[in-house]
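Asker: Now for the letters of each chain:
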Amino acid sequence: MSVAKILEIALRTGRVTRRYPYEPPLLTPEFRGAVKIDPSKCWGCGACVKVCPPNALTLKPAGKEATLEYFVGRCVFCGMCAEVCPAKAIEVTKEFELSATSLEDLKSRVIHRLARCSICGAPIWTEAELRTVVKSSPIAEEYYLVCPKCRKERFAKAAMLRLGAGSE
Amino acid sequence: MKSDSSLSTIVKALEEVGAFVEEVRDSEVYFRVTRENVRAAARALYSLGAYLKTCAGVDERELSGLFAVYYIFGLDDHGVDAVLRVLVPQDDPWTVSVVPDVPAADWCELEVRDLLGIDFRGRLTKRLVLPEDWPEGVYPLRKEFKYDEKPPRVLREELSEEVGIPVGPYHPALHEPEYFELYVEGERVVDVAYRGFHVHRGIEKLAESQRFTYKQVPFLAERICGICGFVHSSCYVMAVEKAAGIVVPERAEFIRSIVLEVERLHSHLLWLGVAAHLLGYDAGFMHAWRIREQVMVLAEYLTGSRKTYGINLIGGVRKDINTEKIDKVLKTITDLRKEFTELVKAMLAVPQIKSRASGTGVLTKAEARALSVVGPVARASGLYRDVRKDYPYLAYKRVSFKVPLYTEGDNLARLLVRVDEVFESIEIIKQLIDMLPGGSVVVEEYDIPSGRRAVAAIEAPRGEDVHFIITGVGRPYRWRVRAPTYQNIPALRAMLRGTPLADAPLTIASIDPCFSCTDRVTVLDVRSGRKSFIRLKQGV
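Line by line, the protein sequences give chains P and U.
The first sequence begins at 1 in our numbering and counts up by one.
The second sequence begins at 1 in our numbering and counts up by one.
Worth double-checking, as some hints may not be accurate.
[As the list claims (entries may be wrong)] Computed list of lysine-lysine pairs in DSS-like fashion (alpha-carbon distance at most 30 Å, straight line):
1. U/Lys430 with U/Lys389
2. U/Lys307 with P/Lys94
3. U/Lys430 with P/Lys5
By construction, these hints were calculated from the structure, which means they are not laboratory data.
Note that the structure is predicted; figures quoted are calculated from it, not measured.
All chains should be modelled from the sequences, with the hints used to inform the complete structure.
Answerer: Pasting the structure below:
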């Protein structure tokens with residue numbers, strides 16, 4: 001009997017469906033789920049934001065702060081952010097049970113204080129990034145606390161003086 | 001390229017019709033041809049045995065002040081891509097259609113017309129890709145059109161008064177939208193009208209916008225298709241690597257090939273299950289998918305994700321394979337082979353499967369040739385076409401395998417081609433694992449010059465997937481994707497004509513049209529004019 005063949009296979013195999021959620025889900029060690037950002041390690045450099053294909057990570061300055069936001073609703077779980085993070089602040093977890101009752105629950109934020117240019121007052125970079133840079137290669141305050149625009153102007157002025165042009 | 005003489009034959013034939021060689025790169029020859037001569041050039045290529053891969057419209061006004069239409073032909077016997085470039089002035093945008101000689105160009109020409117506003121003479125034209133409420137004279141692929149622009153909707157008055165049941169083409173819960181109108185006489189299908197492109201996402205436009213960079217596009221490409229996503233991301237990175245002359249480490253090529261074959265396994269098993277389901281053989285469906293599950297787990301173990309693997313980078317792959325993974329691969333494919341052999345035997349022993357599938361939905365070899373169909377559909381109609389053999393890419397030049405070929409052209413032949421391919425894929429994976437070379441899996445340092453062109457093709461589970469790229473600064477200047485189903489859907493018309501209505505679902509499914517696409521059909525009885533909507537899955 002031809003129909004009996006499949007019955008034979010079925011009886012031999014038994015039930016394969018897992019009793020999830022009462023049983024743990026089948027996840028391999030390589031599984032990539034949502035990412036987690038460690039606020040104590042993050043500098044707010046924005047490398048992850050640049051590499052993120054779906055714009056799930058955004059870094060927005062507002063007033064005295066810059067907010068790094070991770071919106072899991074947009075995330076494609078590629079883990080590229082964790083790969084490029086220079087601070088190793090991003091970890092790829094095995095979390096995949098992500099449903100939430102409000103949109104806010106799908107977002108997580110790291111808030112950074114912004115350092116300001118000592119000349120014009122414009123925000124330059126985050127304080128955390130500043131600390132990291134200074135720690136790894138100490139440079140004088142008069143350099144790191146000046147924004148690129150002001151630095152350029154200052155250099156131009158100095159160069160003019162050298163060339164013999166008088167100051168105003 | 002297999003020999004220089006084949007190249008000179010092609011060049012000679014085309015020079016006779018007024019085309020001249022623009023550029024020769026690797027296995028690609030670019031010809032320039034005037035719009036008046038394009039039809040003759042296309043005819044010359046077709047008579048040399050070329051297939052049309054696709055055509056692409058490009059807004060080259062920033063480069064040359066002109067529009068361009070690229071017709072990409074593949075000469076399978078020679079392993080050469082011949083590309084015809086037709087320049088179209090912007091103030092008088094028309095060109096001569098090649099459709100009378102090359103029916104396969106039907107859709108892609110309409111797409112160029114919709115998206116770029118180039119008119120094609122000598123053929124019937126209609127709107128294909130753009131939605132009905134899109135305004136006239138707005139062409140999204142022109143560079144001045146911003147990727148996130150939303151032109152005002154135009155409501156058309158002339159829509160027919162006859163109202164169908166407004167449930168199609170979107171299924172409320174499942175599956176992708178596509179829409180078939182079957183014209184029937186009694187129980188026989190006499191004609192088929194197809195409407196698709198309901199989910200045209202503008203991915204090509206998005207990739208050339210400021211929003212994306214070269215490195216991010218692989219992840220976008222992967223989302224073109226839910227089943228053969230890795231094919232698309234591989235094809236994109238191959239096109240970029242080819243254009244920029246990036247040499248990918250051998251080990252990365254092997255890993256890509258292994259993952260591509262794993263993807264083919266899961267796709268064919270999925271299809272086999274769906275086919276069984278459509279024939280009312282749900283036990284077969286369940287068991288095909290049970291077997292498939294171990295392939296999905298393997299894919300996750302190799303790449304980090306069950307689908308949308310996300311391991312392709314320009315220059316290589318992100319995940320290496322270690323000895324534990326190799327053991328897991330070998331164990332999985334050994335088990336798979338055993339279980340699959342048993343299941344196929346059990347399935348084909350069911351008399352209804354064979355009797356429903358054989359002799360239905362026949363596509364003759366001549367029709368298959370004219371429409372340039374690809375993949376298992378072509379191979380079931382007696383066309384020996386397989387990108388892995390014709391244009392060996394990645395590690396496929398190193399492995400030996402058979403290309404299953406059937407001549408019946410019916411649903412059973414298409415089923416058997418896929419069954420055979422599962423066994424071939426298992427063998428390919430075994431050989432690749434055996435020969436896996438050492439070394440790194442990615443090159444980090446590379447440079448992508450702008451203005452380069454390249455065509456890349458991969459044999460997806462459904463057939464040949466083609467990506468054409470023109471490089472730009474920081475991102476592609478133009479990226480054209482032609483998925484295999486694009487080439488195969490027009491063949492459905494030939495397959496469905498004269499088929500009993502009851503066999504229509506299986507026939508539509510037999511091209512594996514990213515299957516989920518085809519949920520709803522309208523049945524229109526030409527004698528009574530009665531219209532009714534039927535869910536495809538009910539088996540009609």
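Asker: Identify every previously stated hint that the structure contradicts and give their numbers, smallest first.
Answerer: none
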